[in-house]
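Peer 1: Here's the letter readout for the chains.
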Amino acid sequence: MIQLSHLQKLEAEAIFIIREVAATCEKPVLLYSIGKDSAVLLHLAMKAFYPGKPPFPLLHVDTTWKFRDMIAFRDQTASRLGLDLIVHINEEGVRAGVSPFASGSRLHTDVMKTQGLKQALDKYGFDAAFGGARRDEEKSRAKERVFSLRSAQHRWDPKSQRPEPWRLFNTRKGPGESFRVFPLSNWTEKDVWDYIALENIPVVPLYFAAPRPVVRRNGAWIMRDDERMELLPGEQLETRMVRFRTLGCYPLTGAVESEAANLTDIIAEMRASRSSEREGRVIDHDGSGSMEQKKQEGYF
Amino acid sequence: MAALAKLKGQPTPAGQPHPANDQGQNTEGSARALLRFITCGSVDDGKSTLIGRILYEAGAVFDDQLTALDSDSRKFGTQGAAPDFALLVDGLSAEREQGITIDVAYRYFSTDQRSFIVADTPGHEQYTRNMATGASTADLAIILIDARKGLLPQTRRHSFIVSLVGVRHVVVAVNKMDLVGYDEAVFRQIEHDYRKAVAGLGFASIDFVPVSARDGENVTSLSALTPWYRGPALLPLLESVVVVAEAEVEAGFALPVQWVNRPDLDFRGFAGTVARGRLRVGDVVAALPSGRRSTIARILAPSGDVSQASAGQSVTVTLADEIDISRGDVIASVAHAPVVKQELRARLLWTGEAALREGGEFILKLATATANAQIVRLHHSVDIESYAEAPAESLAMNGIGLATLTLDRQLAVLDYARSRELGGFILIDRLSNQTVAFGFVETRRAQDKARSTAETGGAARAVLRLVGWRGAQERRAWFEAASWRLASCLFVAAAVALTTGQWALAAALGLSDTVLRPLLKGLHARLWARRAPPALYDGAGI
Numbered sequence: 001m002i003q004l005s006h007l008q009k010l011e012a013e014a015i016f017i018i019r020e021v022a023a024t025c026e027k028p029v030l031l032y033s034i035g036k037d038s039a040v041l042l043h044l045a046m047k048a049f050y051p052g053k054p055p056f057p058l059l060h061v062d063t064t065w066k067f068r069d070m071i072a073f074r075d076q077t078a079s080r081l082g083l084d085l086i087v088h089i090n091e092e093g094v095r096a097g098v099s100p101f102a103s104g105s106r107l108h109t110d111v112m113k114t115q116g117l118k119q120a121l122d123k124y125g126f127d128a129a130f131g132g133a134r135r136d137e138e139k140s141r142a143k144e145r146v147f148s149l150r151s152a153q154h155r156w157d158p159k160s161q162r163p164e165p166w167r168l169f170n171t172r173k174g175p176g177e178s179f180r181v182f183p184l185s186n187w188t189e190k191d192v193w194d195y196i197a198l199e200n201i202p203v204v205p206l207y208f209a210a211p212r213p214v215v216r217r218n219g220a221w222i223m224r225d226d227e228r229m230e231l232l233p234g235e236q237l238e239t240r241m242v243r244f245r246t247l248g249c250y251p252l253t254g255a256v257e258s259e260a261a262n263l264t265d266i267i268a269e270m271r272a273s274r275s276s277e278r279e280g281r282v283i284d285h286d287g288s289g290s291m292e293q294k295k296q297e298g299y300f
Numbered sequence: 001m002a003a004l005a006k007l008k009g010q011p012t013p014a015g016q017p018h019p020a021n022d023q024g025q026n027t028e029g030s031a032r033a034l035l036r037f038i039t040c041g042s043v044d045d046g047k048s049t050l051i052g053r054i055l056y057e058a059g060a061v062f063d064d065q066l067t068a069l070d071s072d073s074r075k076f077g078t079q080g081a082a083p084d085f086a087l088l089v090d091g092l093s094a095e096r097e098q099g100i101t102i103d104v105a106y107r108y109f110s111t112d113q114r115s116f117i118v119a120d121t122p123g124h125e126q127y128t129r130n131m132a133t134g135a136s137t138a139d140l141a142i143i144l145i146d147a148r149k150g151l152l153p154q155t156r157r158h159s160f161i162v163s164l165v166g167v168r169h170v171v172v173a174v175n176k177m178d179l180v181g182y183d184e185a186v187f188r189q190i191e192h193d194y195r196k197a198v199a200g201l202g203f204a205s206i207d208f209v210p211v212s213a214r215d216g217e218n219v220t221s222l223s224a225l226t227p228w229y230r231g232p233a234l235l236p237l238l239e240s241v242v243v244v245a246e247a248e249v250e251a252g253f254a255l256p257v258q259w260v261n262r263p264d265l266d267f268r269g270f271a272g273t274v275a276r277g278r279l280r281v282g283d284v285v286a287a288l289p290s291g292r293r294s295t296i297a298r299i300l301a302p303s304g305d306v307s308q309a310s311a312g313q314s315v316t317v318t319l320a321d322e323i324d325i326s327r328g329d330v331i332a333s334v335a336h337a338p339v340v341k342q343e344l345r346a347r348l349l350w351t352g353e354a355a356l357r358e359g360g361e362f363i364l365k366l367a368t369a370t371a372n373a374q375i376v377r378l379h380h381s382v383d384i385e386s387y388a389e390a391p392a393e394s395l396a397m398n399g400i401g402l403a404t405l406t407l408d409r410q411l412a413v414l415d416y417a418r419s420r421e422l423g424g425f426i427l428i429d430r431l432s433n434q435t436v437a438f439g440f441v442e443t444r445r446a447q448d449k450a451r452s453t454a455e456t457g458g459a460a461r462a463v464l465r466l467v468g469w470r471g472a473q474e475r476r477a478w479f480e481a482a483s484w485r486l487a488s489c490l491f492v493a494a495a496v497a498l499t500t501g502q503w504a505l506a507a508a509l510g511l512s513d514t515v516l517r518p519l520l521k522g523l524h525a526r527l528w529a530r531r532a533p534p535a536l537y538d539g540a541g542i
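Protein chains in written order, with this note's numbering: chain A, 1 to 300; chain B, 1 to 542.
One chain only, chain B, in its complex shape (with noise of 0.2 Å):
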């Protein structure tokens, strides 16, 4: 109340104008990027206690909530007459009865330096693929690991969840360092086995922090039992750690249709969320999978009517030519366009509780799109304890492996690694419509690439990255433009051979006009590429 008597005294701003968003967090402090994490861990590593220790010293919890913790605690508590911090996080009757979580819990929360989106997530196997769901969001994971049991199968698995669904950074949280004596040497073993274990997996980093959450040591502030430790504490370490930007997107722009907004016959225009890069109006783009091109004629944002919108906001465009789009459909640039796909291989992470078999059919949503999927191929699964593959026929529930699926209808896709949105889906069972596999696409196979530069030379490799790979929309657009070249060359080379008389040089000036045009216009289309958004690319005079 006297933060507010003081408030209260102080000339207020209100009714002016409120600034606009980005300054108003700016000028109070609090637009630090906003850090989403989750906990993982096995059961009772005591994830929930630590989620809860850390909201209670943020001063997240309310005094209210206290109250009721107080209660709860006496009823269900493990800690005697102490509170029991996992009960602030467990929310379901069945979570307190047992003392484990069996439910993605989503928490907010701040600091003064950050904001944080928490998903506290189950340790039991059984739950697995609720924490995977909580990994599909987040930049960085809490791997919690009991001080007294070392690294566990579960330990290896969420570690690798962790990475398959492209989390880079690691914090280990050695807990329950009270039981252990704080012994350095038992916090240095569990470090080596871990950094051991994971050393495939690709993390950009990967941090150890001596804690226990029941008794708070190391988790706010550095603890005095802890002395040969030298790192930050847990929380001070979550405010500084700054995440590794995800791989800086190519100029190509790409929108999943999700809704065709027609109010009117006057307006038609195609809603959605930017999936990647900036789109501005004026730009040539491609209907995919039709590949019909149209020009941005208007781009709406939440806002209003603006010029240009990037990744992540949600715009409703309108195209200046009427073109037959509808939802699930991708409009994107012409350049380092999604490749359109009926077969992809992908990785899969069994969630069903029915095993994965060849041959299975189901219902894949990727992005906005649907389509009938069936399961052709199973390469191999991947052993979860060393992450080595082998050969499989089916993938029981949690199990994870690399497949083939075709599809009814030709879809827009690219690369997990490059885009989450647009590489990575669900399969749902048409019967029970439960969800039973969260998939990874890979596009680019990795013996296609070691084939492509073991048997293709220096030059042949730079004529390949001009034109594109097989099936990617630059080479269709390569070959279109070569082949509309065919008749004006005739042309050339008949006015040659005829005006001089040498057939031989007429051939080779018909077939350099090809050649170089087109050549010369794929150059182009990659160098603005490379730049700004495209401005130009049909009619420029080839």
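Okay, chain A solo, but in the shape it has when bound (with noise of 0.2 Å):
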């Protein structure tokens, strides 16, 4: 027999889970937000139908505040690997205004996030879309099912989840209901880097640290990647050497004070890290129940 090792179990188990996707539902999407999880998850799907193509398209939920960075090489990505890419944006937010800094964390993920997919599932109708969330990244995730069936208002029931023993999935559904499926349920932060390192998976550069021009916001390190960004009284544009643990909407997201500018230095710096990858997200310090509210109202 051969041992598989603890990756090659997480990696079976994810791609089982894309497959019966595939094969259950009638028009999946793999939602793509560009970061670490999502390359992951895209480099799985590959994996999965090798060697044909993963029979479903790729979706950003832009917020038009994402890193410049992370735009490109979303581009870059779905080109390489010759996928179809649906890119939506809520333009009814954009024409009201809303953004990170006029209308708060709260609103804007809502509105452009939240909203935003919502309108982009039920424009294509797409009754199943790939996350690359993971259980270990916060507490109202850690009892998510692999299968998230929402109502066809999206909201998620966590009182009325179904159970999943085994490795057997109900993938049954009414009309109007739609699946949300993280085949990355049981990875952890540590999993996806070592993952990366081992498949040589490309991320955003992002991940590794440069210097970058970065203010003192709110305790944390926030990018400044255009000029929409303006600086308060007191405050001081500086360049630091910064990367980033998560990516998402650049006023929203935090970087931390690091040298680690491959791979291997991630690692280990990761591991020698007291605090956990969400800490630099703002969205997730609404109050302690916030991810559990966000979800339940149709978010990832």
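These are computed hints drawn from the structure, not numbers from a lab. We put the CB at the ideal spot given by N, CA and C, even for glycine. Treat each hint with caution, since some may be false.
[Stated by the list, open to error] What follows is a set of in silico ranges between Cβ atoms, one per label pair, in the way DEER data are often shown: (1) Ser290(B) - Asn262(A): 46 to 54 Å; (2) Arg271(A) - Gly231(B): 50 to 58 Å; (3) Leu81(A) - Val260(B): 20 to 28 Å; (4) Arg271(A) - Arg148(B): 40 to 48 Å; (5) Asp44(B) - Glu91(A): 18 to 26 Å; (6) Glu259(A) - Leu152(B): 38 to 46 Å; (7) Ser303(B) - Gly82(A): 15 to 23 Å; (8) Gln342(B) - Thr64(A): 54 to 62 Å.
[Unchecked claim] When the alpha-carbon atoms are kept at most 20 Å apart in a straight line, the in silico EDC-like pairs for lysine to aspartate or glutamate are as follows: (9) Lys159(A) - Asp429(B); (10) Lys159(A) - Glu353(B); (11) Lys173(A) - Glu353(B); (12) Lys27(A) - Glu177(A); (13) Lys190(A) - Glu353(B); (14) Lys53(A) - Asp305(B); (15) Lys173(A) - Asp429(B); (16) Lys9(A) - Asp305(B); (17) Lys53(A) - Asp264(B); (18) Lys53(A) - Asp139(B); (19) Lys9(A) - Asp139(B); (20) Lys173(A) - Glu361(B).
Each of the two chains sits in its own frame; use the hints to bring them together as a complex.
Peer 2: What follows is the structure, encoded as structure tokens:
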């Protein structure tokens, strides 16, 4: 018998889940959010259907506040792999002038991300959307199913989740209902980086330390990625060696000071770290149940 | 940061090709076998507190999470100003408000000795199905017992479910020892009661640890308050448990087909996760339930083309012949193949809101196959207190019983004890789409086994072993071969009769020719199957 390593087991499990969706859902889509988890997810999807291509497109819900490096990387990746990429922007939100600065993180995330995602799923009629979320990220995610059923209104009901014994997923759903599917449920941040290193998966350069223009705001290093971010009185733009542990909208994502400029250093730094990767995410700190609430409203 | 600075001073191996995954983990000393365990107990036994405590002590709680814990503890906590570790794992608002666990929470942590995935499962009876879910992939179960309360009906229920889904190792954590003054007599009484209660459940090991999850006594290191306790503390115990290997698989392999991969006209592959055994390029295989045969031409693993693959790997295989195979079929070795059945006898754990009744029709999902199933008979239910079987007409939620189901199509299955993948199934309600039962296939009835040993003598049993039991693949192959021999044996008999004129001799030779060659073939198949994967099966000149 060939003994499978921890990563090989996780890989096999994720591939199984991805294929199960392709086999049982009508119109799946891969929610591609450009970060490291999405990179791993996409890599696994390519493997699952090799020598064919994944039988579903990529969807990016663009809040218009992503780092420029992320957008460039997104377009490169789609063309490198020859996959269809759908970019959806909540135009109503744009017209209403919603932004992280003017509206605050909570409203911005709700309108541009959650509502934007629902619009896109409804517009194209997707009945299953892959996400790269992991259970180790956040407490309410630890309770999430691999196949998470959402109502026609995209709501998540944490109290009536279906049991998932063994690897048997109940993929039946009623009209209008859809699934959010999380093939990386059992991966940890360390597993993700180990796998990226092992498989040599390209990731956005923002994960690696480099001199970048940042300001200290609300206790976090925020990178000024474009002119839309105005400096407040007393704020000073500095150039520091920083990198990002997670990537989101640039005004809402704190950088960490680091010298880790390659994968080996990143993995070493993560091992020594005493804070969780989502520490830099402003949206997680809106209240201790806030992620759960956002998920109930339809957020991934 | 000091550790970082030290690392930076060293020459980094950046840019070098990364070592293979296995080696990489070994060299770091982290390739310790993964242990998946669950915690179960009654409401308020302190499960979440225990898990929170273990995570905290194992250093798996980050500083920013501790800060959040402090503020949450003041808001929801039950421990006054002290941190309430249960809040680390009870992630849902409803759970925090009510102070109970509703849903399975999965947590990931590792120590220097081992990595762990823990499923914190709910104690409340209403959520028993969630407990069974957590148990279905676990190697070990921690059963919590409140030292003040002793064994409760839930303790017996949980132990039974844990054994039903095939968990072989149990650690009984007798919690809240602080509230009984760390009294040895209380601990010993619970140990005695528990051993007696689960005597018939067939666990491979049962360990007992007296703990106080709240105060952290005997969790990561031995407590000074229990000098009478001779065993290890809980976490060191988990680090050292050796999981008994699943009943070592016979050479037979099975690949439930999940997805037919046809990117173009030149490629037709069958993708899935190997459920058991090992397959190699060149192996003769049968597609079940049709029984059509072919040979494995290519095996594509996640790393590319490989010559062999084994249980747990996700692969895509191509076959030498164009045979009809679709999702739900099983590609299997010819020897030790799963049995093809249209009627299943199975234990059911009922999880539906509405009770089970005979005649009910459901959708059955087993491995990658789906069928319509009707429950034609409920043989008995199992009493959760005494574990005794009693006649029953229905099963309420959380009830366990033995039933016979008929299917609208044939499925390849194995006994649950031999394969969780091909022996475990779920039943789905057609209207609500809810999962209403977990099923555990029993392919060999107890009385069948008893009858076969009682009624058939030693010689007959030997033949039976060779030709297979009724319905087995071996027996079908044997009959096939024997009938195929018929023509040539008639020819042999005729030739002998004509040349010697002795009809008796002719008949004897003809008959032995019919029987002996297939028997020899069967014998060979058995012998080879026991060793390397079967190389040559057909056309071996019989």
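Peer 1: Confirm or reject each hint.
Peer 2: Comparing the hints with the structure gives:
Taking 46 to 54 Å as the suggested C-beta distance range, the pair Ser290(B) and Asn262(A) conforms, at roughly 53 Å. Taking 50 to 58 Å as the suggested C-beta distance range, the pair Arg271(A) and Gly231(B) does not conform, at roughly 32 Å. For the pair Leu81(A) and Val260(B), the beta carbons lie near 22 Å from each other, so the given range of 20 to 28 Å is met. The beta-carbon spacing between Arg271(A) and Arg148(B), approximately 41 Å, falls within the hinted interval of 40 to 48 Å.
Distance hint check for Asp44(B) and Glu91(A): the Cβ-Cβ separation is about 51 Å, which falls outside the suggested range of 18 to 26 Å. Checking the proposed 38 to 46 Å range against Glu259(A) and Leu152(B) shows it is violated: the Cβ atoms sit about 55 Å from each other. For Ser303(B) and Gly82(A), the Cβ-Cβ distance of about 21 Å falls inside the hinted range of 15 to 23 Å, so the restraint holds. A hinted range of 54 to 62 Å for the beta carbons of Gln342(B) and Thr64(A) is consistent with their spacing of about 57 Å.
Between Lys159(A) and Asp429(B), the direct Cα distance comes to roughly 19 Å. Compliance with the 20 Å bound is thereby established for this hinted pair. Distance restraint check for Lys159(A) and Glu353(B): the Cα-Cα separation of roughly 14 Å lies within the 20 Å cut-off, and the hinted pair is therefore satisfied. Of the supplied pair hints, the one linking Lys173(A) and Glu353(B) holds, its CA atoms being roughly 18 Å apart against a limit of 20 Å. Taken as a hint, the Lys27(A) and Glu177(A) pair is honoured in the structure, with Cα atoms around 12 Å apart against an allowance of 20 Å.
For a cut-off of 20 Å, the pair hint linking Lys190(A) to Glu353(B) is broken: about 40 Å separates their Cα positions. The suggested pairing of Lys53(A) with Asp305(B) holds, with an alpha-carbon distance near 17 Å, which does not exceed 20 Å. A distance of roughly 11 Å separates the Cα atoms of Lys173(A) and Asp429(B); the hinted pair therefore holds under the 20 Å criterion. Proposed proximity of Lys9(A) and Asp305(B) is supported: the alpha carbons are some 18 Å apart, at most 20 Å.
This hinted pair checks out: Lys53(A) and Asp264(B) have alpha carbons roughly 11 Å apart, not beyond 20 Å. Among the hinted pairs, Lys53(A) with Asp139(B) is inconsistent with the structure: their alpha-carbon atoms are about 36 Å apart, more than 20 Å. For the given pair, Lys9(A) sits about 15 Å from Asp139(B) by alpha-carbon distance, which is consistent with the 20 Å threshold. For the proposed pair Lys173(A) and Glu361(B), the alpha carbon gap of about 18 Å is at most 20 Å, so the pair holds.
Consistency note: the structure conflicts with the earlier hints numbered 2, 5, 6, 13 and 18.
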